[in-house]
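> Single-letter residue listing:
There are 2 protein chains.
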Amino acid sequence: MPNTVSQKTIGRLSLYRRLLQALANKGVRYIYSHQIAVIASATAAQVRRDWMAIGYSGSPTKGYEVTELIDAIGKFLDSPKEQKVALVGIGNLGRAILIFFAGRRPKLNIVAAFDNDPYKINRVIHGCKCYHIDQLKTVSDETGIDVGIIAVPASEAQKAAENMVAAGIKGILNFAPTPLRVGNNVYVEDIDMTMSLEKVAFFARQGNFERNFTSGEYE
Amino acid sequence: MPNTVSQKTIGRLSLYRRLLQALANKGVRYIYSHQIAVIASATAAQVRRDWMAIGYSGSPTKGYEVTELIDAIGKFLDSPKEQKVALVGIGNLGRAILIFFAGRRPKLNIVAAFDNDPYKINRVIHGCKCYHIDQLKTVSDETGIDVGIIAVPASEAQKAAENMVAAGIKGILNFAPTPLRVGNNVYVEDIDMTMSLEKVAFFARQGNFERNFTSGEYE
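As given, the protein sequences belong to chains A and B, one line each in that order. Per our numbering, the first sequence starts with residue 1, numbered consecutively. Per our numbering, the second sequence starts with residue 1, numbered consecutively.
Errors might be hidden in some of the hints.
Note that identical chains are pooled: a pair holds if it fits in a single copy or bridges any two copies.
Think about it this way: if two alpha-carbon atoms lie no more than 25 Å apart in a straight line, the pair counts; the simulated DMTMM-like pairs of lysine to aspartate or glutamate are [as the list claims (entries may be wrong)]:
| no. | residue 1 | residue 2 |
| --- | --- | --- |
| 1 | Lys26 | Asp71 |
| 2 | Lys81 | Asp71 |
| 3 | Lys137 | Glu65 |
| 4 | Lys120 | Asp71 |
| 5 | Lys26 | Glu156 |
| 6 | Lys129 | Glu156 |
| 7 | Lys26 | Glu162 |
| 8 | Lys120 | Asp78 |
| 9 | Lys26 | Asp78 |
Worth flagging that the hints you see were computed from the coordinates, not collected in a lab.
All chains should be built: construct the whole structure from the sequences, respecting the hints.
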């Protein structure tokens, strides 16, 4: 069943979980699909299809139980064991990424960072051990890394991606503003902050755009 | 004509420009649509439609002139005068954003940053003057800010967005992991780093996904 679930569904499940967690923290115990739809900028039908995709069926009479939903999403989305992440590029962006993701998900941790700057090698930066980029495969093999984050300049991104693939990494989050060419068995997700800001600036100026029902990532 | 151009076209134009700039720096003078298509993970037909959308028609016999294309994209994408950007949230993410965008585009600058931490007010952080969040409207009115970046926690994001809208801001780049509710005349682009990493981790583990012709942002 997991194999039939689309990238957009996975994105929405990740969002639902954080929204539900925020509600649980406020003491909310039950919620209807249409309420989730409103806060997640989706439709109620889509929300219900997403529950079906993860094999969750609650009693919708008084709404779904919030903590049960959070658990159901976690069971589907999270690895049963810890997934380890390697970061390549320990510049300003890389450091921000280390701080941002530290402890955010218990089973998804950046366990090693890589750079070619000798000053950074063998240091611990924001709780993360730093290695030379040439050690990527060795460290990956030893620790079982299967996710990579690229935070190097565009000119070095393709090489970083090839190093990751050679190290057996199967999924890459790419912050470099350039498309990566990798094999069909490697999943790549791009975050292009320059493109996003340029789009916002353009439409802020034009003041006229087709509005999606949902915006950006959530569509 | 600008009003008929889609969000995805604007995203591709931003990407083309950076790829073309990298080629120009290497001394490349001419390029064909199909070559741009390959490096931008698009189709040649799509690239040609994008040139038509911005009203550019070169002679495709020996390819398009790279610098001419860069200028044509700039004329379409950039504001004739500087566009000013406000950042709300000067934590680790906000600081990384300041460093990342500083000087990246001559006519698109973060001119003011806002926070509610008294320690940060009236300081200059990474070249950017910091103000109390209550001063957002005053500073925006004085300096003519029309773009905002949100880098606060999810729980504070909606309030930050409302402050921005009240200050006359027409486009928002939202890094907080929560959808914003704003009026139809405000353009919002979301960057959700947690969602992106969770998707990558999921598909790295499953090893089976529908591959888009282009990945992520560039589709």
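> Evaluate lysine 26 and aspartate 71 at a C-alpha cut-off of 25 Å and name the case that applies: within, between, both or neither.
within (17 Å within a copy, 52 Å between copies)
> As a check of your reading, is lysine 26 near glutamate 162 (CA-CA no more than 25 Å) within one copy, between copies, both or neither?
Result: close only across copies, 22 Å inter versus 45 Å intra.
> Should lysine 120 paired with aspartate 71 be assigned to within, between, both, or neither, using CA atoms and 25 Å as the limit?
Classified as neither: same-chain Cα gap 39 Å, cross-chain 39 Å, threshold 25 Å.
> Treating 25 Å as the Cα threshold, decide for lysine 120 and aspartate 78: within, between, both or neither.
Close neither inside one copy (32 Å) nor across copies (38 Å); limit 25 Å.
> Go through the copies and call it for lysine 81 and aspartate 71: within, between, both or neither, with a Cα cutoff of 25 Å.
within (15 Å within a copy, 51 Å between copies)
> Should lysine 137 paired with glutamate 65 be assigned to within, between, both, or neither, using CA atoms and 25 Å as the limit?
Classified as neither: same-chain Cα gap 44 Å, cross-chain 41 Å, threshold 25 Å.
> Within a copy, between copies, both or neither: where do lysine 129 and glutamate 156 come within 25 Å Cα-Cα?
Cα proximity of lysine 129 and glutamate 156: one copy only (21 Å, versus 32 Å across).
> Within, between, both or neither: how does the pair lysine 26, glutamate 156 come out at a Cα-Cα threshold of 25 Å?
Classified as between; 15 Å across copies, 45 Å inside a copy.
> When no copy is specified for lysine 26 and aspartate 78, does a C-alpha distance of 25 Å or less occur within a copy, between copies, both, or neither?
within (24 Å within a copy, 43 Å between copies)
Hint check: violations occur at hints 3, 4, 8; the rest are consistent with the structure.
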